[in-house]
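Protein chains: 2
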Amino acid sequence: MKEFFKVTDLEHTLKYSAVFPNVGTEFITLHEALGRILADDIVSDINLPDFARSTMDGYAVKASSTFGATEESPAYLTVKGTVEMGKPAAFSIKSGEVARISTGGMLPDGSDSVIMVEYTEVIDKKNIEIYRSVAPGQHVLQIGEDLKEGNNVLLCGQKLRPQEIGLLAALGKDSVKVYKKPVIGIISTGDEIIPINNMPDKGRIRDINTYTLSSLVQKAGGIPVTYGIVGDDFDALLEKCSIAIAHSDMVLISGGSSVGTRDLTVEVLSSLPDSDIMVHGISISPGKPTILARAGDKAIWGLPGHVLSAMIVFGIVIRPFIEKISGLSPQYKKELRIPALLSRNISSAQGRIDYIRVRLIEKNGIEWAEPVLGKSGLISNLTKADGLIEIGINTEGLDKGSKVWVIPV
Amino acid sequence: MKEFFKVTDLEHTLKYSAVFPNVGTEFITLHEALGRILADDIVSDINLPDFARSTMDGYAVKASSTFGATEESPAYLTVKGTVEMGKPAAFSIKSGEVARISTGGMLPDGSDSVIMVEYTEVIDKKNIEIYRSVAPGQHVLQIGEDLKEGNNVLLCGQKLRPQEIGLLAALGKDSVKVYKKPVIGIISTGDEIIPINNMPDKGRIRDINTYTLSSLVQKAGGIPVTYGIVGDDFDALLEKCSIAIAHSDMVLISGGSSVGTRDLTVEVLSSLPDSDIMVHGISISPGKPTILARAGDKAIWGLPGHVLSAMIVFGIVIRPFIEKISGLSPQYKKELRIPALLSRNISSAQGRIDYIRVRLIEKNGIEWAEPVLGKSGLISNLTKADGLIEIGINTEGLDKGSKVWVIPV
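First to last, the protein sequences are chains F and A.
Read in my numbering, the first sequence has 220 at position 220, and its numbers run on one by one without any break.
Read in my numbering, the second sequence has 192 at position 192, and its numbers run on one by one without any break.
Extracted from the complex, chain F is given alone in its bound form (with noise of 0.2 Å):
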């Protein structure tokens, strides 16, 4: 009988990233921060604005000066001028008089609050008059309202989305300290396996796997580094490895998909200085013969051959570990998952998490998850997927109609 190793599940697999130093940090512009992970808190060393602001084109008053005008019995009030845009006004407002002003102006010293424009109507040079009365601050951004001086506004190991950017060019920093792309080796083994560029003969198929895990890899923020197709022989799996070590923060091994190459890599991955094998096998479906090692301080991948699952492998366990020495913070880990309704039953064995392929179809305002059918080592089908969805470790199966959460791919 084959040999059955001793699986561990996904929860305790996961735990290990902790295990995995974060990557060094660097200095980059803030042009090039969309997507990097702050290496550092972000504190506000100005107000936002640091001047009262108007939010709306119109005039800047005293709000008393208008309280009680209506359409019957309008207010008339003087203009003292105009506020220019980018300079505070050479004037300032008494009662009974307003400064024209744009949005975004800085209002005059003595107004308190803006009427807006299509409230008003110019009766003269110097007059106009207005329907409707303001309240205090009424459409002004007051001195530190958006941001205050002092604040944390952003967190260490938060990712830099657009609105992120803005923020740090509203404080100009035109530097942001962020955590460096982590660097992945990626090595194909198996004796079968040739260049994407030979024609295969009767046997052998194309690499299709450094391509895959190399696009995940980019994906998942790292920088993929391929090294190429080793056959199945130990001394020149254990060279490959050694050199992908010395040159990458983690090292993804996918194996050919036979047992023999599986197990070469054990083998190989037990070899290396200051290593051990912390996971041999994972209670998920696909992806079980996956194996992690760790050389040093760094994290090494046996992969499954098969392109789906090492797809799965990659999205559900190796993302996190890249995450995590990313210097990604857990609570900005929010995974986009989609609810929607089963189509179909499926049926799925105990003791694993098994991930089924689905599409995304919408009817009547009901999102739908409709299983891709097909055999599973098909790349074909996994073009037409959306997501995956993951049935319990304790589940038998899922009835059409039940909720999932669908995890785009």
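Everything labelled a hint here was simulated from the structure, so no lab data went into it.
Errors might be hidden in some of the hints.
As the list claims (entries may be wrong) - Straight-line Cα separation of at most 30 Å, DSBU-like style, residue types lysine-lysine; simulated pairs: (1) A:K333 - F:K334; (2) F:K62 - F:K181; (3) F:K219 - F:K288; (4) F:K384 - A:K384; (5) F:K219 - A:K126; (6) A:K403 - F:K333.
What the hints assert, rightly or not - Pulled a few chain F residues facing chain A out of the computed Cβ check, cut under 7 Å: (7) L30; (8) D57; (9) P162.
Said to hold, decoys possible - Cβ-to-Cβ under 7 Å is the rule here; a few derived chain A residues that face chain F: (10) E11; (11) G86; (12) L141; (13) R204.
For each residue, glycine too, the CB sits at the ideal point set by N, CA and C.
Following the hints, position chain A against chain F.
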């Protein structure tokens, strides 16, 4: 009274995207292809696999040799040899014979199925017993079962995810024809705007929009080229605009927030050779004072100065235009929208589509969309949002508990 421009509704605005031609195409290596848009249909020039391939570790066999085998009454079979990975077997299989085979191995002539190693027992070097029968074709991927020679497997206009990259690798496409990334020129205007590495005097504000828009362009698959800040000056803006148009596929002018700057932008856009103003105001909020002009065959946008408004207009209106000229087919524009329940009542004006920032919060398996409160100009609030919800043009508001679709930001 202020002049009210005649606004265009969102649907009509989006239809104008058809006016603008796709960018050109280029060949890139497969390693660079993630996220790019295919510019050719891909036809499979091979069968994948092009040999009958085992999907399990076990023994290749004629299914008929296994019929009737059970735990109680196993079948005894002779081991003819081992299938080596990556090559055809030198022997063939007759009735009563098997060959050791690994996942991915090529079935020897005469065999039609694989019996999993779990259901076998080794008797001696030459003989095994098996406890189950297999059906013809079981655990075998047939020739062309994944991809058939001559079939269209990917379509022009399709965006390349890791799984499509894998499929291209399987076909040996180490170079692919894709649409170029559109170059998007970005100009900031307004006398109050200063470069971010300056400390703002009273009344001035740093150039946030150049950075948020650059990031959004990158996320949308474009290449941002920034042209700095231009004051409220007709000649200066016209000159900068002409340069940007000459070097870009589309131009974004992020208006200062004042009505004066907006008017200036319209004047400049109207003065460009072979130009017309297609849209002057869109019935959405925020984002109403958006301008779309055509100069030659390029789109030029006048965007509101408020960072929140500019970001929303980008996501809702401009991104679809960038996707159009990027060659992305409508069928691949599938947008991820997350269904959720609204956590509180929201009012809205009729006659426009309102976009409300929300945070996503899961409570007891239900996803809630919680509006992020605060004045709309606050960049700090933007960083707290996970997405936007849309309140339709004929809706006065939504009640707590209403079903909404969240657009991730």
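Would you list, in rising numerical order, the hints stated earlier that this structure does not obey?
2, 4, 5, 10
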